[in-house]
Amino acid sequence: MKTNKFLLIIFLCSIELLSFAQVSKEIYEIQGTSSTSPFVSQVVTTTGIVTATYMENNQLGGFFMQSKNGGISGASCGIFVYLGSSSYTVAKGDEVEVTGTVSEYNQRTQISNITNCTVKSHGNVITPTKVVFNENFKTNAERYECMLLQFDQTLTVVSNRNLRQYGQLTLSSKRLKTPTEITLPGSAEFYALRTANYNDQIILDDASTVVYPQPIPFVNANGTRRTGERIDNFVAILDQIAIGYVVYAAENMTFYGNPRPVQPINLGNYNLKVCSFNLKYYLRENFGTGYGPNNQTEADRQHSKILKALLAIDADIYGLVEIQTGQNTIEYLTNALNASVGNDVYAYINDGTTTYGSYTKVGFIYRKDKVATVKELRSNNDGIQNRKKAQCFKLLSNNESFVFSLNHFKAKSGCSSATGDNVDIGDGQSCYNGDRVREANSTISFVNVCATYYNEPDILIMGDLNAYTKEDPLQVFYNYNYTNLQKHFQGESEYSYSYNSEVGCLDHALGNPSLTQQVSGCAVFHINADEPSYFEYDQTPFYDTMYRCSDHDAVVVGLNLGVQNTKTTFESNLTIAPNPTKGTFTIANACGSRLTITDLLGRFYYTTILTTDNETINTTLPQGVYLLNFTLGSKTTTKKIIIQ
Numbered sequence: 057m058k059t060n061k062f063l064l065i066i067f068l069c070s071i072e073l074l075s076f077a078q079v080s081k082e083i084y085e086i087q088g089t090s091s092t093s094p095f096v097s098q099v100v101t102t103t104g105i106v107t108a109t110y111m112e113n114n115q116l117g118g119f120f121m122q123s124k125n126g127g128i129s130g131a132s133c134g135i136f137v138y139l140g141s142s143s144y145t146v147a148k149g150d151e152v153e154v155t156g157t158v159s160e161y162n163q164r165t166q167i168s169n170i171t172n173c174t175v176k177s178h179g180n181v182i183t184p185t186k187v188v189f190n191e192n193f194k195t196n197a198e199r200y201e202c203m204l205l206q207f208d209q210t211l212t213v214v215s216n217r218n219l220r221q222y223g224q225l226t227l228s229s230k231r232l233k234t235p236t237e238i239t240l241p242g243s244a245e246f247y248a249l250r251t252a253n254y255n256d257q258i259i260l261d262d263a264s265t266v267v268y269p270q271p272i273p274f275v276n277a278n279g280t281r282r283t284g285e286r287i288d289n290f291v292a293i294l295d296q297i298a299i300g301y302v303v304y305a306a307e308n309m310t311f312y313g314n315p316r317p318v319q320p321i322n323l324g325n326y327n328l329k330v331c332s333f334n335l336k337y338y339l340r341e342n343f344g345t346g347y348g349p350n351n352q353t354e355a356d357r358q359h360s361k362i363l364k365a366l367l368a369i370d371a372d373i374y375g376l377v378e379i380q381t382g383q384n385t386i387e388y389l390t391n392a393l394n395a396s397v398g399n400d401v402y403a404y405i406n407d408g409t410t411t412y413g414s415y416t417k418v419g420f421i422y423r424k425d426k427v428a429t430v431k432e433l434r435s436n437n438d439g440i441q442n443r444k445k446a447q448c449f450k451l452l453s454n455n456e457s458f459v460f461s462l463n464h465f466k467a468k469s470g471c472s473s474a475t476g477d478n479v480d481i482g483d484g485q486s487c488y489n490g491d492r493v494r495e496a497n498s499t500i501s502f503v504n505v506c507a508t509y510y511n512e513p514d515i516l517i518m519g520d521l522n523a524y525t526k527e528d529p530l531q532v533f534y535n536y537n538y539t540n541l542q543k544h545f546q547g548e549s550e551y552s553y554s555y556n557s558e559v560g561c562l563d564h565a566l567g568n569p570s571l572t573q574q575v576s577g578c579a580v581f582h583i584n585a586d587e588p589s590y591f592e593y594d595q596t597p598f599y600d601t602m603y604r605c606s607d608h609d610a611v612v613v614g615l616n617l618g619v620q621n622t623k624t625t626f627e628s629n630l631t632i633a634p635n636p637t638k639g640t641f642t643i644a645n646a647c648g649s650r651l652t653i654t655d656l657l658g659r660f661y662y663t664t665i666l667t668t669d670n671e672t673i674n675t676t677l678p679q680g681v682y683l684l685n686f687t688l689g690s691k692t693t694t695k696k697i698i699i700q
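Residue 57 is where the sequence shown starts when you use this note's numbering, and the numbers rise one by one after that.
It should be emphasised that the hints constitute simulated quantities derived from the structure, not laboratory data. Hints are supplied without guarantee of correctness; some may be wrong.
To be verified - Result set (BS3-like, lysine-lysine): computed pairs, CA atoms no more than 30 Å apart in a straight line: (1) K148 with K124; (2) K431 with K468; (3) K543 with K450; (4) K233 with K638; (5) K364 with K424; (6) K194 with K336; (7) K336 with K426; (8) K468 with K450; (9) K695 with K194; (10) K233 with K81; (11) K468 with K336; (12) K364 with K186; (13) K81 with K194; (14) K638 with K695; (15) K468 with K543; (16) K468 with K186; (17) K426 with K364; (18) K194 with K696; (19) K233 with K176; (20) K424 with K468; (21) K638 with K696; (22) K81 with K124; (23) K450 with K364; (24) K543 with K233; (25) K543 with K364.
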């Protein structure tokens, strides 16, 4: 009798376990409303529509599926099915029934150890759920885990740092500015923007497990994907992996905007073109110190790329930063410029220095058929030597002259050695801010001495100041009535450097009042900061182009010496009328620009290229306030319009 009872208990338990193993659940029930599924380690059966498959070699090893009936508030209705080495085959649009064990992998809820995967029908369609990033998106991301989403807006590429190694791009709702580029260091606005920028980033991943994937994903025909490029109405799967939330493209992507420039533009009607350019340790000897090229081959590659960039800039005066001390290197570059143009027109200024290891300096190369030097080069050796120099140049066509002050201030690195007011206090200016402020004050004193020495009041200060536009060193120049020429002519959108998904100006052009009146234009030549680092000279394969010849962009200034110029900008010329409107309006003076219309939350509505100077736009937009975003080359501006 006891034996029969024991067998009965085993039988009943078996029924219980079998029933438990075959429990059917909706996907949203499996996901639950918290970060962990309530069914972890339990066997479930569920049904859904396949939204994306990643079952090729070195991919995720499974597919995403989503309930065709939606779900409940706060719970995702999508899930990942990990097939591993099993032989099941599914395709996008299949309705499948899956049985397996619920697990959490890198905090992603998934079904694994699959014992059944049956295709019930084909050709089904899941409509993507529309979302706006970052409208509290990250706070509610768990709600969308493993779901098919459509980002109802324009997203911008803000980082390509991990593109080659990990197959990743970083996207944002807008171009992210370094906080101290547009807010005062340590201010409430600074801290708010720093937090907002951190939250306004999401990674586009190639869904591959391979390091250094080949071919590199997401690139165009030139092998690049520049930061600042944009994509509209992006459709993707949201996943959660070890580094956080990522998206995988679920449809073909079309990136647009921010094309590679071929020459500087927007310089106005100038009679002299000058530039400042950080060459990132341009060396011709003493290699292998850990700075610049490691050997002759790398040095030759570096030279080839930089030479192409200088020829494209086509300046009358080059202010070169981070070029090797001594005369051999600058002479070599000067000779290469002359050989390239087939004429002996370029000369360099001998500053009397000798080559010392891989140490660098600032230096001048100029067209002797356009300008002549006045008196001798002046050096300011306060702080680091050979990094602050000035020369007066005279334009041969009209004998007008100006003083060109070229500078390279202390970097924001080596913070562990900083003391006193050089310690990073967390206000966004990093370490050695004290030294940079002292260098700025020293430069003001220095150019005043130069003005007397050369008997020339017009001063142009340029160089890599290693400080963003709102930081303390720049405030020194503003306090002495120097105008930030990039911002004056191009507005807040300008930048010369990219770091941690943010852009800003470390490289500057500053004019005193009398010089600024003779500036016809100022622009940054965006050939470096936007490009992936795998285009640099020390990478394989080698790309023998000017793109990413340095990590800084060149700043280029058009001067109309002897003529006072009236500032005209893309933004000031552009007009929209009528505004308010019932839906039809005309845009004037924006020919060639791309117009993108969004609402105040960044939701995308319309985009087109304007092909005339007076273009009529007919819309069916509902009543409300909209943003008209215009992009022309490196310039951007935004106008509001009211639809009644």
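| task | Taking the numbered hints from earlier one at a time, note which ones the structure violates and give those numbers from smallest to largest. | result | The structure conflicts with hints 2, 4, 6, 8, 10, 12, 16, 19 and 20, although it agrees with all the remaining ones.
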